[in-house]
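J.: Sequence lines, in order, name chains G and E.
The numbering of the first sequence is numbering that gives the first Met the number 0, which starts it at 0 and goes up by one.
The numbering of the second sequence is numbering that gives the first Met the number 0, which starts it at 0 and goes up by one.
I should point out that these hints are in silico values taken from the structure, not numbers from a laboratory.
Each statement offered as a hint is correct.
Partner residues aside, some chain E positions facing chain G, computed with beta carbon under 10 angstroms:
| id | residue |
| --- | --- |
| 1 | 5 |
| 2 | 11 |
| 3 | 137 |
| 4 | 143 |
| 5 | 273 |
| 6 | 284 |
Quick list of simulated restraints, FRET-style, between CB atoms:
| id | chain 1 | residue 1 | chain 2 | residue 2 | range |
| --- | --- | --- | --- | --- | --- |
| 7 | E | 269 | G | 57 | 32 to 42 angstroms |
| 8 | E | 164 | G | 171 | 55 to 65 angstroms |
| 9 | E | 125 | G | 10 | 23 to 33 angstroms |
| 10 | E | 11 | G | 184 | 23 to 33 angstroms |
| 11 | G | 184 | E | 60 | 29 to 39 angstroms |
| 12 | E | 170 | G | 245 | 25 to 35 angstroms |
| 13 | E | 129 | G | 163 | 28 to 38 angstroms |
Here a beta-carbon is modelled for each residue, glycine too, at the ideal position from N, C-alpha and C.
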Amino acid sequence: MKNNGRWKKTVKILFARKIAAFSAAVVLLFVAVAVFAPVFAPYDPNYADFASYLQGPGKNHLLGTDNYGRDVLSRIIYGTRVSLIIGVFAVMIACVAGTFFGMIAGYFGGITDDIITRIMEAIRAIPQIILAMALTAVFGSGIRNLAIILGISSMAGYVRMMRGQVLTIKQADYVMAGKLQGNRNFRLMFKHILPNSISPIIVMMTQQVGQTILAEAGLSFLGLGISAPTASWGGMVSDGRLFLLQNPVFALTPGVCVAVLVISLNMFGDGVRDALDPRLRGEV
Amino acid sequence: MKRTGQMILIIFLISIFTFMLVSFIPGDPVYAMLGQEVSQEEYNRVFHELKLDQPIIHRYISWLSGAVQGDWGQSTQFHKSTLEIINERIPITLFFSISAFIISIPLGILFGVISAVYRGRPADTAVTLIANITACLPQFWIGLLVMYVFAMKLGWLPSYGFTWFHEDLVTGIRQAVMPLFCLALGGIATVTRQTRSSMLEVIQQDYVRTAKSKGLSQRKVIYVHALKNALIPVITILGMRLGSMLAGSMFVESVFNIPGMGSLFVKAIQSRDIPVVQACVLVTALVSCIINLMTDILYAVVDPRVRFE
Chain G
0 MKNNGRWKKT VKILFARKIA AFSAAVVLLF VAVAVFAPVF APYDPNYADF
50 ASYLQGPGKN HLLGTDNYGR DVLSRIIYGT RVSLIIGVFA VMIACVAGTF
100 FGMIAGYFGG ITDDIITRIM EAIRAIPQII LAMALTAVFG SGIRNLAIIL
150 GISSMAGYVR MMRGQVLTIK QADYVMAGKL QGNRNFRLMF KHILPNSISP
200 IIVMMTQQVG QTILAEAGLS FLGLGISAPT ASWGGMVSDG RLFLLQNPVF
250 ALTPGVCVAV LVISLNMFGD GVRDALDPRL RGEV
Chain E
0 MKRTGQMILI IFLISIFTFM LVSFIPGDPV YAMLGQEVSQ EEYNRVFHEL
50 KLDQPIIHRY ISWLSGAVQG DWGQSTQFHK STLEIINERI PITLFFSISA
100 FIISIPLGIL FGVISAVYRG RPADTAVTLI ANITACLPQF WIGLLVMYVF
150 AMKLGWLPSY GFTWFHEDLV TGIRQAVMPL FCLALGGIAT VTRQTRSSML
200 EVIQQDYVRT AKSKGLSQRK VIYVHALKNA LIPVITILGM RLGSMLAGSM
250 FVESVFNIPG MGSLFVKAIQ SRDIPVVQAC VLVTALVSCI INLMTDILYA
300 VVDPRVRFE
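Put together the whole structure using the sequences plus the hints.
T.: So, in structure tokens, the structure goes:
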């Protein structure tokens, strides 16, 4: 990329703000925990020690144990993996598919635009979590399916944003010049229009990861997401709610993790937005 | 008028999507719905009932005409008509969503105005911080937390259940407090944030300065002149809010064991009760479409500029 300097400047502005730098550090911490889960976790997350079930926080088990005697802290650490993997992949799927359709709709216009826009409006009319739930009824859950389902159910926003971007950029002289040079449509789209609308896409992606993680936790809480025995934060809250009185830490800490991760991701996203384009403030 | 036409088109598309849910199921839909151990007669009956022996267009048309006439098929888990089940459940969900919605609007606007007027002061910092954090908390987690504190530790409120107010007012209110709080909280946070940002924009406008220099009181300037215009973008948010209240009601119903449409939907998905899943998706979509249309109309009423465009 030619505008290397611009990216450097953006990164510099981003980390100059204390909040953005701090939230980036928290997010990185979660990523590190997810990657090195086996190192951080004191126990095997699926090792059931029935002799010590539902213990409160103590010396052996920092956050206590669950109803099968599994170590809650280890399960939270492994749950980080699930949340981040699904969050990142779902957003990537939504972004790639949404950007593609939005670009086509905006570029070609006419009937193509009408069809894509109407379908996306129909998708938007169903609340995201309900759409995702209906899709799990059909496709089943599991990490891969969840990433795809959450990706599909959140792609309409990208289509809309990208379509608007293309409509503006299409008017620009350099696109016209490219057209007159005899460039093909797809070359124009990917070489000229896409790089010029990359900032709002990045902003939207950083802001969506948190929402997706929240949605995944919700689905797993309802028993429609990650199924046992794989550790996921939403699933742990759901298991733990039956034992709120015996060990409240078991049900409540995974929720705190979701909240802290999502808050940091959102603050980081806001930082990215401000760093990339001050005009976007408050509009996205 | 144009919006109504678009809405009908959208509902039509959604009906195709919900119908297709059955066809999307990998493998044989009859096995998926009834399990592998099903007798040949039963299989044939359901196969015929689902009209799988007919072309897909025929199936769609007969499904749609049935749906319009209120025949949404038989629920495979309750062995009752789907419409009957939905009719029992939806008033409860609508009660929670709409009440939480109504609670959250004035509170959200109030907090938003406070934080915009006291911009940069402690009140603003506190409101913004709390609103940002609550927007990120999982609803089911807030539910469990208040349940743990107020039902289990303090014992002030019952931890689950639902009673209509006309049956038993006191129990009904006591049971509804926590679910409503959880549902309204997210709404309050969003409305607060939106009101704050649009209020900040409006306050800097010339006509607000004029009103101030005319010698009007601070209160009058804010609530009469500024707020009226600041509310226009808030209305857009409101349309989406009721939709997410319906979605949030899934979690709240699940946490507090409330027999509404949300818990029905979850159960239907777990047991692959497709007619009920279809009905739930269709009803939710229908409700959110109607709300969006109402928001658009409200928009035109509040902002005459929209009408003249």
